[in-house]
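For the record, the sequence lines run as chains A and B.
First residue of the first sequence: 1, per our numbering; consecutive thereafter.
First residue of the second sequence: 302, per our numbering; consecutive thereafter.
Treat the hints loosely; a few may be bogus.
Unchecked claim - Straight-line Cα separation of at most 30 Å, DSS-like style, residue types lysine-lysine; simulated pairs:
#, chain 1, residue 1, chain 2, residue 2
1, B, K427, A, K129
2, B, K469, A, K90
3, A, K260, A, K222
4, A, K135, B, K320
5, B, K469, B, K427
6, B, K427, A, K87
7, B, K469, A, K209
Keep in mind the hints are simulated off the structure, nothing from the lab.
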Amino acid sequence: MPNTVQLENVSKSYDHFVAVDALSLEIRAGSVYGLLGPNGAGKTSTIRMMIGITVPDSGAIRLFGEAFTRSHLARVGYLPEERGLYKRMKLLDQLVFLAELKGVPAADATRKAASWCQRLELDAWMGKKIEELSKGMQQKVQFIATLLHDPELLILDEPFAGLDPANVVALKDVLLEQKQAGKTILFSTHRMDQVERLCDSICLIDHGKAVLQGDLKQIKGKFGRHDVQLEYEGEDNFLGDAELVQSFNNYGNYVEVRLKPGADPQDLLRLAVSRARVNKFELMEPSLEAIFLEVVGKRDA
Amino acid sequence: MRNIWLILRREYLERVRTKSFIVSTLLLPAVMIALMVLPSKLAMLKASGTRRLAVVCANADFARAVQSQLEAKKRDGDQLDSSPRYQVEIVSTPNEAARATLKGRISTGTLDAYLWLSDDALASRKISYVARETSDFIETETLHRALRSALLRREFLVRGISSDEADKLMRGVDLNAVTIKGGQEKRAGGPLQFISAIVLVMMLYMTLILYGVAVMRSVLEEKTSRVMEVVLSSATAQELMAGKILGVGAVGLTQIAAWVILGLGATTPGLLAARSQLAEINLSPAALPAFAVFFVLGFLLYSALYAALGAMVNSEQEAQQWQFLVIMPIIIPIMMMTYVLRQPNAPLSMWMSLVPFFAPILMYIRVVVQTPPMWQIGVCIALLLLTLWGVVALCSRIYRVGILMYGKKPTLPEIVKWVRYA
């Protein structure tokens with residue numbers, strides 16, 4: 001099965017500002033992909049090129065295994081970072097209009113919109129204007145608009161930004177279902193902690209360049225386990241061991257330790273047991289944020 | 302094409318369903334009719350009163366002549382004349398005592414005015430008209446005519462011309478204006494033609510601005526509500542702009558059609574009653590099709606500019622600062638309107654009406670008043686289409702970049718860059 005999205009050396013500059021710099025990435029069909037990076041890294045610029053809002057200066061974009069054409073857009077659902085709906089339009093009319101633009105026949109769109117509204121408890125509001133709805137309801141309408149034409153590829157730019165907790169749960173449930181149905185999902189966000197549990201693969205970008213990409217498990221494995229969480233009672237002078245410990249953060253009887261590169265965590269455990277009573281010893285997976293900072297830090301140094 | 306149609310349909314339906322559309326469609330003709338009918342009704346009200354006027358003159362014959370001129374003035378059945386009826390009394394002693402008495406009567410209100418026709422005044426033809434208020438220009442005009450005619454009549458009598466002969470000599474003149482076009486004679490229109498041309502041009506002008514601004518608002522609304530990005534993930538910026546302009550334009554045509562139908566319905570009885578005067582209007586038969594052509598072309602031209610303007614700015618206030626750029630080329634032809642109406646074939650009128658930005662209004666005036674040579678209309682429409690193509694290409698580029706620029710106000714060099722983007 002071809003990759004759902006494939007970017008080859010895609011670049012885009014605005015004026016003198018390079019937004020995306022020779023970026024290549026591939027998103028496997030049926031996977032959940034995270035396009036991660038700080039604000040201004042080039043995430044939204046990349047997405048806008050994927051769906052033809054802008055055209056790359058150079059490089060090639062392939063969707064569903066074919067060179068990009070606008071006919072692909074009917075198979076893509078896009079939730080932009082800047083949310084927005086026609087304020088004075090009625091909820092149902094709005095959903096039908098957006099679905100028709102994606103090529104869904106009006107009758108079909110009406111039926112599907114009604115069933116989605118029922119599922120997300122909006123059925124009482126279908127005849128109301130968008131401006132009469134609460135913010136949370138408007139967000140739900142926006143998800144439905146993204147999903148209504150049953151797209152094979154979902155592109156969600158900062159999907160959890162500004163959502164109330166109930167809607168975060170609702171959205172995650174829906175997305176999980178979509179994943180199980182074999183849909184490909186692309187997350188773009190600067191809040192890495194929010195999506196790292198959801199993603200199969202990621203691409204970390206900074207200043208328009210990919211700094212790290214691949215399978216999330218492999219990346220985490222590669223970055224090893226240098227961090228230890230430890231709960232103890234008694235002496236803490238084992239923390240001063242210069243051969244094992246690079247740095248630590250001591251909260252009294254709870255401490256987070258960063259090990260020296262190449263040091264064996266088991267040595268630290270033995271040392272700690274010999275000096276104090278250890279209640280808990282846990283090897284921590286590095287967070288994506290920590291990995292990102294490490295990679296960017298190394299590159300800038 | 303499907304996308305343009307969907308966007309057009311949404312724009313059209315959302316607008317036509319609003320209360321403001323329905324209200325303005327129904328209300329505007331009502332206001333227009335009120336504006337046309339009320340002033341003449343009010344003028345009629347005044348005409349019903351009777352003015353008491355004293356003619357102070359030592360010459361009894363002349364005084365009677367003036368009296369009969371004023372009192373008999375309704376005889377020609379002129380319904381539109383709204384000057385008042387007169388009740389004339391003659392005072393045969395033009396001296397200071399009489400003047401003082403008359404002044405006293407005017408201030409107590411038993412008399413409205415007097416005319417001082419002493420021999421000196423008549424000889425020098427400098428006559429005083431004294432009244433509580435003299436601002437009614439129709440009244441002064443009536444008095445003026447009555448005095449001139451009485452004076453003329455007296456001169457005729459002095460020169461031995463009989464009263465009957467004097468009547469013949471003083472008969473008015475009917476000027477029957479005829480235009481010749483392609484060997485065909487045609488009766489030319491009077492002032493009513495002028496007025497109806499102005500009404501049509503103002504309608505064109507108003508709808509151009511009204512619906513141009515509607516396009517701008519609609520672009521701004523999509524930009525500020527950020528719905529633009531969702532739509533752009535399905536349709537291109539060009540499709541969005543085209544659909545929007547055509548949709549708003551269709552609303553404009555709908556409204557004009559409704560006004561025409563309502564207007565005809567409301568005024569038909571009046572029009573039938575005033576048939577004799579209507580024959581005078583004699584508008585060029587091309588007036589209505591030309592309205593459609595110039596409205597469509599003019600609207601497309603200006604709404605493309607308005608769409609670009611809406612895409613450039615971030616708020617209505619900001620848009621207002623720039624709006625003069627778009628309004629200027631509509632104001633200039635409006636300022637030239639009277640000149641072109643009076644001299645539709647003067648070189649200045651011809652050249653100005655060929656300028657594409659002025660053509661929708663100025664060429665339209667020329668078509669309505671006196672159809673210009675076909676080649677001029679052809680050149681005008683060709684130039685207009687060419688400009689339209691250029692303006693739409695330029696504006697759609699500004700639009701495409703502008704709609705995704707939030708927050709900051711673009712500078713002119715930036716806008717030039719937008720146009721250059723591939």
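Against the structure, the hints come out as follows:
no., hint, result
1, B:K427 to A:K129, "75 Å, violated"
2, B:K469 to A:K90, "77 Å, violated"
3, A:K260 to A:K222, "16 Å, holds"
4, A:K135 to B:K320, "26 Å, holds"
5, B:K469 to B:K427, "27 Å, holds"
6, B:K427 to A:K87, "72 Å, violated"
7, B:K469 to A:K209, "101 Å, violated"
When each numbered hint is compared with the structure, violations occur for hints 1, 2, 6 and 7.
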